[in-house]
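Participant: Got two chains here, separate frames each, mind docking them using the hints?
Just so you know, the sequences run in chain order A and B.
End of the first sequence sits at 406 in numbering that gives the first Met the number 0; the numbers just go up one at a time, nothing left out.
End of the second sequence sits at 154 in numbering that gives the first Met the number 0; the numbers just go up one at a time, nothing left out.
What the hints contain is simulated information worked out from the structure, not anything from laboratory work.
Given the structure is predicted, the values throughout are model-derived calculations rather than measurements.
Check before you lean on any hint, since a few could be wrong.
[What the hints assert, rightly or not] In silico DMTMM-like links for lysine to aspartate or glutamate, alpha-carbon gap of 25 angstroms or less:
id : chain 1 : residue 1 : chain 2 : residue 2
1  : A       : Lys-141   : A       : Glu-116
2  : A       : Lys-282   : A       : Asp-229
3  : A       : Lys-348   : B       : Asp-148
4  : A       : Lys-352   : B       : Glu-57
5  : A       : Lys-352   : B       : Glu-103
6  : A       : Lys-352   : B       : Glu-150
7  : B       : Lys-102   : A       : Asp-377
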Amino acid sequence: MFVRAQKGMVMAHSKQRLLSAAGSLLLLFLASCAQTPETLSEINVLADGEALRADAAEYVKDQNVSIDEAVRRLDLQDDIGRLEAELVSGEPDTFGGLWIQHKPEYKVVINMTGGDEKVADYIRGTPFAHEVEVREAARTLKQLETQQRSIINTLRSLSVPSESSINVVMNRVELAVLDSDLLTSALEAAGLLSLLKDISVTEVKGFVKPTVNIYAGNDMACTSGFSVFDGNGLYGISTAGHCNDAYDYYHSTGTVDLRLLAQWYGSSDLQWHRHNSGSHVYKPWARDSSGYREIYDNANRIDQPIGALVCKLGLTTGYTCGYLNSKTVTARDPYDAATYMRTGRDDGKVRSKPGDSGGPVYVGHQAWGLTHGGYYDDPSHPNYGDHVYMATNYITDRGLRVYHAPR
Amino acid sequence: MKDPKFRLIVTALSVVLAGCMTTGADSGPQQDDQPQDGEVHFLRQRPSDAPNMLAPYEGELVLSEACLRIQNDDGGTGYTAIWPYEFSLNTQGDSVQILNGDKEVVAQVGDQISVSGGEIPQLSPDEFEDNFIGSATQCASPYWIVNSDVEVITQ
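One chain only, chain B, in its complex shape (with noise of 0.2 angstroms):
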């Protein structure tokens, strides 16, 4: 431990090891990982030129533990919702509203919904904070790509 050089990597390791043991309250967040509403985790895609996956689906927006999922009658688990990029939340008043591009409701908490886009399988949090807006801690998998053209079927 005399080893200057030695001390200063204990030290250095130290400090990421205090780092990573803090809770998320703590840790205070990336901007890009903050919910734009205390109460909903809304996750994002990144900016991205690559095609729209085409796989169709279609369920009720439910709000479960600050996370937005489409739940399907079909007996499955439904997804946990990756929004485009461009889209928006607005929990102002008594409904979680989903918002577009342009800044217009396309759908709300309570609504059925249809999607379109693909299914992606768990990743880690890593993978998936390097391609997606928010945290894989936040919302379980699995999670459902949602191209720009939702649409609500009943209300």
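Just chain A, same shape as in the assembly (with noise of 0.2 angstroms):
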């Protein structure tokens, strides 16, 4: 709009147009450089010094100091992560633990059983020495390690719930149960209640629950099947539509609850379950030999010839691969549509038994489907040691995706 109107003030003589054009031109360059750029996007990165007095704006909050006040003491927070270091491995027989103590004044504690002198050669020179205070501690911390380690392990064996931590102010392990009377029924029963002894217990209604990652070739009784994902963009586990229904997911870091969300038979050998409550991540993985791999998609029925190498993992065979040898098996009743594939080797193994059921089937990092049966308890079977599954578009059939990774 501004250059139309310059358009309109051109003068008459040649000069004075020129004069006027080059002025408009001037105009022009500086209106650009005023404007707003629509199409920049902003992007606001915190300098060094920004993101610090961020985080001591929160601390000032809490403990009513000035600003600057808050940043040095937080910027100490490196150097007394290193004091620590260096205690525990120059002091591990004396050591008690340290920590940042911030009410009713700001200090820097170390708990010490002896040795007290020593802790000065550790922080001449720190910026916050004139701020330490040494206290005496019954326990030095690997003490208090070697205690925690041994109550967990014994409460594991004797099968009593429990979640322990160190409490380095108190100077002592602490522990939280669902019923302190089954622990002390159970510690001395196996005559190990002097295990208790300086150990805080409190009872508590739950524990802490991790977050686990959920995917294909886990413990869910049966194996746990590929991560899938309705319509509506809800994210569960399959597995084996014959599996039981009641299943939890068992994984290294952690147990979860599931509810049955659909189940099918027929071609489609297929259920899916999501977690009651908590949250977890479905991740588009699948075990297999050495850890697991992410699956980028899926290969259906009609594209899996006959002749190619196909492997699997299941809870009880774990990783075994075999070759396509059909894929119009007839299942038990009333799985008996003519869909089933199956694969073989000849070294006479067996490739798939009881456990196996819902695990993951794949070929590289594509689905190929889920595993149905197997021939394990006839050695006079022609297909014995055969594997059985039912191909991945059986899952699509049903309005379900296979969760895929990105490549």
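Facilitator: What follows is the structure, given as structure tokens:
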């Protein structure tokens, strides 16, 4: 608009026209500089000092000190952390733990069971040397850690659920249990009640629930199948339809209580579940021989050629592979659709056994199916040792999609 | 009603309907449907070359209203067992025993057992009798198709 107005201002004489044009160009240039760049995205990157000041502002809310004092104290945290590491390695037989006290006065407190004078050597020249207090403690950090491990291992062997931590300030191990009577009776029966000496016990209603990764190839009593999602974007975990309905998902990071969402039979030997509570993450992964692999896409039954090498992971037989030798196996009634896939190998080994049902079948990063069955109990059977699975298109037939990782 | 063909059809229908309305005891079930012992309904699979399903399940073997069920303590309903074709039942004496194809006792009522196989849903009576030996009306669903590797966990 500004340019169009400038066009109206061109003078009759050539010099004036040139001047005017030059002026117009200058004005145009200045105007463009003044415009807000609507197409530029503004990224606000905090400089180093600004980030600490932002954190310090939070500290000020709690501790009622100036922002500069807050910055100073936060700045010391790196050095204080280094001091702790040095004391752990340098004074293991006397160091009882370290913490930062904020109220009623700011100080760094160090627990020692002896050798207090050695602390001076560690803090000499540090900016917080004048703010250190050494206290006498009954137990070293090493002793507390040993005590914690001992009680954890003992309670695990006695099947007593518990959680524990070391309270450095109180210089003790703290134990949380669901049933304190069970704790004492179990330890008493084992003659180990003395393990509770100097341990603080609290009865709680529940423990911290970790976030568990949910993916194919793990323990659902059957084997967990691929992570899937429906048309509403609801994620869940699949397994074979013929598996028992009531399941938990077990992983090294925790146990997840599941609820059944739907179940099918026939060609789609399929069911899927979702966690009942807590926050857990469904992953586009499948366990294999060395860890897990990401799943990038699927292969339908029609795209799986006879003779292809197909692998699977099952809870009982683990990671096994075989060659596709049939795409028209009729499963037991009422799964008697002749759409099941069979793999075999001339090594006499049994490739699937009870517990493997529902587990992932794959080739590379491609999902090929879920384990349905096998021939494991009759060595005279012509297909003895073979593995049978349902192809993945019978998952999508039910309105579910296998969760894929981005490549 | 004067048409002889029509009368024949009506008569045939009447006979069929009369047969359908009789009780199980009166209708004389087929030999395959008859419980091997008057007190226990022993449901079995028909001979099959199909692959075994591979789901695991554990529970107590109970006799409930003449039906053999595997009852887990997971809060679920448990399953009516459908045994392998070659299995049989022994109800002599005080115990109810399950025998495998070699006539060995693999479990008895009261045992905690581990089985494998798979769950099947409720089927219509016709579907059930097409696929299994026994009647769907004898014992309630859900059913568990039991593989031959039945093991006792505790007695």
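Participant: Holds or violated: A/Lys-282 and A/Asp-229, Cα atoms, limit 25 angstroms.
Facilitator: holds (15 angstroms)
Participant: For the pair supplied as a hint, A/Lys-141 and A/Glu-116, is the alpha-carbon distance within the 25 angstroms limit?
Facilitator: holds (20 angstroms)
Participant: Quickly compare the C-alpha distance for A/Lys-352 and B/Glu-150 to 25 angstroms and report which way the hint goes.
Facilitator: holds (15 angstroms)
Participant: Straight-line Cα separation of B/Lys-102 and A/Asp-377 no greater than 25 angstroms?
Facilitator: Between B/Lys-102 and A/Asp-377 the Cα gap is close to 17 angstroms, so the pair holds against 25 angstroms.
Participant: Verify the proposed pairing of A/Lys-352 with B/Glu-57, using a straight-line Cα cut of 25 angstroms.
Facilitator: At roughly 16 angstroms apart (the allowed maximum being 25 angstroms), B/Glu-57 and A/Lys-352 satisfy the hint.
Participant: Do the alpha carbons of A/Lys-348 and B/Asp-148 lie within 25 angstroms of each other, as the hint requires?
Facilitator: It holds: about 18 angstroms lies between the C-alpha atoms, which stays within 25 angstroms.
Participant: Are A/Lys-352 and B/Glu-103 close enough, with their CA atoms no more than 25 angstroms apart?
Facilitator: holds (23 angstroms)
Violation of the numbered hints given earlier is absent; every hint is satisfied by the structure.
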